[in-house]
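For this one, chain A is given, so just place chain B on it according to the hints.
Number of protein chains: 2
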Amino acid sequence: MYRTHTCGELNLTQKGQSVKLSGWVQRVRRLGGMTFVDLRDRYGITQLVCGENASAEVKNITESLGREFVIQATGIVVERSNKNAKMATGNIEIQLDELKILHKSEVPPFTIEDESDGGDEIRMKYRYLDLRRNPLQKAMALRHRMAQEVRHYLDQINFIEIETPYLIKSTPEGARDFVVPSRMNQGEFYALPQSPQSFKQLLMVSGFDRYFQIVRCFRDEDLRADRQPEFTQIDCEMAFVEQEDVLNTFEGMAKHLFKVVKGVDIDYAFPRMTYAVAMERYGSDKPDIRFGMEIHDLGSLARGKDFKVVDEAEFVGGICAPNCGEYSRKQLDELTLWVQRPQVGAKGLIYAKWQSDGTIKSSVDKFYSQEDLEGWFKHLGGKKGDLLLVLTGARNKMLSALGDLRLEMGNRLDLRPKDVFAPMWVVDFPLFEWDEETKRFYAMHHPFTSPKLEDIHLFESDPGKVRANAYDFVVNGVEIGGGSIRIHDSELQRLMFKQLGFTEKEAENQFGFIINAFRYGAPPHGGIAFGFDRWCAIFGGSDSIRDYIAFPKNNSGRDLMADSPSSISELQLKELALKLNPNS
Amino acid sequence: MYRTHTCGELNLTQKGQSVKLSGWVQRVRRLGGMTFVDLRDRYGITQLVCGENASAEVKNITESLGREFVIQATGIVVERSNKNAKMATGNIEIQLDELKILHKSEVPPFTIEDESDGGDEIRMKYRYLDLRRNPLQKAMALRHRMAQEVRHYLDQINFIEIETPYLIKSTPEGARDFVVPSRMNQGEFYALPQSPQSFKQLLMVSGFDRYFQIVRCFRDEDLRADRQPEFTQIDCEMAFVEQEDVLNTFEGMAKHLFKVVKGVDIDYAFPRMTYAVAMERYGSDKPDIRFGMEIHDLGSLARGKDFKVVDEAEFVGGICAPNCGEYSRKQLDELTLWVQRPQVGAKGLIYAKWQSDGTIKSSVDKFYSQEDLEGWFKHLGGKKGDLLLVLTGARNKMLSALGDLRLEMGNRLDLRPKDVFAPMWVVDFPLFEWDEETKRFYAMHHPFTSPKLEDIHLFESDPGKVRANAYDFVVNGVEIGGGSIRIHDSELQRLMFKQLGFTEKEAENQFGFIINAFRYGAPPHGGIAFGFDRWCAIFGGSDSIRDYIAFPKNNSGRDLMADSPSSISELQLKELALKLNPNS
Chain A
1 MYRTHTCGEL NLTQKGQSVK LSGWVQRVRR LGGMTFVDLR DRYGITQLVC
51 GENASAEVKN ITESLGREFV IQATGIVVER SNKNAKMATG NIEIQLDELK
101 ILHKSEVPPF TIEDESDGGD EIRMKYRYLD LRRNPLQKAM ALRHRMAQEV
151 RHYLDQINFI EIETPYLIKS TPEGARDFVV PSRMNQGEFY ALPQSPQSFK
201 QLLMVSGFDR YFQIVRCFRD EDLRADRQPE FTQIDCEMAF VEQEDVLNTF
251 EGMAKHLFKV VKGVDIDYAF PRMTYAVAME RYGSDKPDIR FGMEIHDLGS
301 LARGKDFKVV DEAEFVGGIC APNCGEYSRK QLDELTLWVQ RPQVGAKGLI
351 YAKWQSDGTI KSSVDKFYSQ EDLEGWFKHL GGKKGDLLLV LTGARNKMLS
401 ALGDLRLEMG NRLDLRPKDV FAPMWVVDFP LFEWDEETKR FYAMHHPFTS
451 PKLEDIHLFE SDPGKVRANA YDFVVNGVEI GGGSIRIHDS ELQRLMFKQL
501 GFTEKEAENQ FGFIINAFRY GAPPHGGIAF GFDRWCAIFG GSDSIRDYIA
551 FPKNNSGRDL MADSPSSISE LQLKELALKL NPNS
Chain B
1 MYRTHTCGEL NLTQKGQSVK LSGWVQRVRR LGGMTFVDLR DRYGITQLVC
51 GENASAEVKN ITESLGREFV IQATGIVVER SNKNAKMATG NIEIQLDELK
101 ILHKSEVPPF TIEDESDGGD EIRMKYRYLD LRRNPLQKAM ALRHRMAQEV
151 RHYLDQINFI EIETPYLIKS TPEGARDFVV PSRMNQGEFY ALPQSPQSFK
201 QLLMVSGFDR YFQIVRCFRD EDLRADRQPE FTQIDCEMAF VEQEDVLNTF
251 EGMAKHLFKV VKGVDIDYAF PRMTYAVAME RYGSDKPDIR FGMEIHDLGS
301 LARGKDFKVV DEAEFVGGIC APNCGEYSRK QLDELTLWVQ RPQVGAKGLI
351 YAKWQSDGTI KSSVDKFYSQ EDLEGWFKHL GGKKGDLLLV LTGARNKMLS
401 ALGDLRLEMG NRLDLRPKDV FAPMWVVDFP LFEWDEETKR FYAMHHPFTS
451 PKLEDIHLFE SDPGKVRANA YDFVVNGVEI GGGSIRIHDS ELQRLMFKQL
501 GFTEKEAENQ FGFIINAFRY GAPPHGGIAF GFDRWCAIFG GSDSIRDYIA
551 FPKNNSGRDL MADSPSSISE LQLKELALKL NPNS
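Quick note, the sequences are listed as chains A and B, same order.
Note that the first sequence covers residues 1 to 584 in our numbering.
Note that the second sequence covers residues 1 to 584 in our numbering.
Possibly wrong hints are sitting among the right ones.
Because identical chains share one entry, a pair is satisfied inside a single copy or across any pair of copies.
Unchecked claim - Listed below are the simulated SDA-like cross-link pairs for lysine to any residue, each with C-alpha atoms no more than 20 angstroms apart in a straight line: (1) 397 - 348; (2) 574 - 187; (3) 452 - 1; (4) 574 - 186; (5) 384 - 418; (6) 125 - 507; (7) 418 - 289; (8) 125 - 515; (9) 20 - 242; (10) 125 - 519; (11) 138 - 45; (12) 579 - 187; (13) 574 - 341.
Because the hints were derived from the structure by calculation, they are not lab data.
Only chain A is shown next, with the shape it has when bound in the complex:
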């Protein structure tokens, strides 16, 4: 037997007992003839002590220990003189009787501490060592707890977890599909699923009533900062439901997770905001409502003073940043540059500072009186000491820019603390999304999303105005989940495909088995999918999903540890009936 206890469980209750522990050497300190070894495992750290009375053998072995050696220690639990209240095991230490090295370690390429001295690349390469660090151990434990609690909760309310295939059909438009060549069916390919969307709808047709799955999804797209080629979803679908049923069910699940995982008891209904209001007030379809600073239209107040920039703009809007009335010229110049960055995209920034002496100083003093500007402040709920930031330009673009600026000011003002959570639903998303490049409408969610019945009359006349029974779950400005009620009526589905520009043959080709399935009695159904990696990151207080994935890939889709992807043999290619065809 390698151990009687773990390194996290001993305290004064075991005083006087002989115990055996195994683990890694966290550090060794020598102090006047005594040697102290911090022994670490997943459960904690226990201090071993090699005193003057220890045997020569134990002393010798203690001498030879290095960081990250794996050892087995036998000894007596004794009370510590200098207790460490910060450690669970801080009241005791183990007086060593026997010591055994189970496995030596070379010196690790970076320190295994809460804050490591290793850079990103080296920690990715030695991911198995990085994973020894406490923050990553905790991240994996959090992820495990989340998954367990999701399953437990959904099981209790009759959801059934069903595994859907990973080797699925590649669709003609599946540009983002990873494909898998088949050896048994040469020249043909499977695809890895971007989501189990079709399967979960089929499971509703099959009568499973309430389905979920914590499932891997794959997307072969150029990776942005916080994307991974494989990621995990909590995928859910319910039959015989309306939007209200879906929202209530998963609001329950989310509250359960907040409670058992974060200890946060949310005793109110999650706010629901329409897409239209979210865009208007927050310039975003995933508002961070931990703080106010809402966007307001200043058009009617600002126009008509011969200021061309304002008079000619489709939209004039602003936010009021509290207690920033004393921002310096330099700070304001910085902010101006910030809003002019291409990803924000404003032309310039109008500001007005309500200074402590009661005067208002602005970048547009030439056009507006003190009273005018005070009117703006009032309209935005501002007060003396605040700062008004105003953008002008195309409406949607400026709303989005103001939304970004709002978040930036929120960050600067520490209004976005990681341990405060503001969950919410955004509802009534548009059904269609116009694409400027291809000059056509696309399904904003996916082609099975049902429109609101009261908007169907707009289908041909004003498709952009048709709202969908589609909803997102948003926490702290991050979209964590999204879903919709699906179309279960064949006639409406045909209309939808037509609107999206599919010929009947194309629709058949791409969605054939779903369309067929719907011929045999599809129940009304709807669902939602949550980004599991992201939800873990939010709960862990991290901006990056990478810390919540045991073995992530880098921004080029490479696994630096295993050095993958890699070339394969000629023989393998031959068996797959493939040839490399480098693009010259």
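Same frame as chain A, but now just chain B:
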């Protein structure tokens, strides 16, 4: 709201209540002016009745109903006159007030009944309809329950579920790997994992101590009757353990599953049998010990009677089939042909019947006296009325043939009931397996499996005799799990690679990141992986894993429903820098 109750929950408690149900029309019966509709959902069946007092509208709609229509019914719960005790809802029926067709259905291509009239192919093609059938609904529910209970049990004892990647490194010897071409790293490929073996060992190096995962695995091999290109494992690994710890831990898990899923309380320790004994007595490394009929060596009794077939054979062995002493000539001829099939591989069959009149009649009366044959029967524990079946030939081949024959006789004698479970451990597997074709040893389990320390002296002199710390979990003659204690000592690992004929470079190439990881303090560790699909099938009393997989593929690896794999576009191939290269 689509329903107030499900179709499985109403009984006399709700008598007189107005309820709303939704579901599928299972069948419609008309009986003297009344119409009875069986309404089905996942939870059960409820009888709707349209009586003479029903409204004209309800009557009309009832008239138009067909099988598998999706409907919504509102009505009053009334007590049934002809109660059906077999149904949970058999005491009540719903007197229809309102009826609404939510979705019509075409006539399904086969009947949605416990026993369907559809063949395999058509049911695969319309899998979403096959899944509506009760046996498959139950199979999925069983699978869900199993997975939940595995997770619950392992969570309770500190196991942590960690998701490992599906896009991993393709290894040069990975002939059975499915590969995934990378668009971002053209000319390079990921592989889909055959198992997360490397990752789980890395997680032990990372200090996660107790890991598990219910995880999909992929193997691109020619599919035999009951194999699938993707299958699911319960994958587990523990640090600081010896074989005994692993067996005890997972025996606990198995007992929990037997209890909560099957209601079978196993209050004894699972029998443990060495590989050597299993082969000798059962001719199999996965014995079905629900019945005896063990194999015995008859060599010393049978030899020396001038019967060449026996005298010249390396091995003479037999089994005794109880109560088959009156087998006819025709039955025995059949059995002879059965053992001569290539997959069994015996040359011929010697039999001896101890008939009810006390005489023994055999196929070898020319060589053996009644007393000789009675001696054989006694040696095998046989009695009057039994049948002796004897094979001669090469030892291992005949043991295996006798093992097959034993199972066949067990089937014929109904000694293998699906609702009796005989779990066991097979231990002490050989470390190496000799391959006649390539004339070299291979690792029987995998190259990280640790040998028994007491056998290490045989490593070079007699490698075939070296036993491993490897074990299988077997239920009813089916291998459900297997694992081993791993090598964590670099020196021993080097020796192992050498024995397997790897050069250092080859080992580095194939197992590089694992070997590297072991430089930084690997704990002693070991684990096990269970075939989840197979375990579900065993618990469900089925011979086929296919019924326990929601969307399985056929024997050619095809998904008949989605018609996958399929061709992809020239553009996609180009983006992947690949060209088709048909083998002519």
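Check your understanding: Going through the earlier hints one by one, which of them does the structure break, listed in rising order?
Key -> 5, 13
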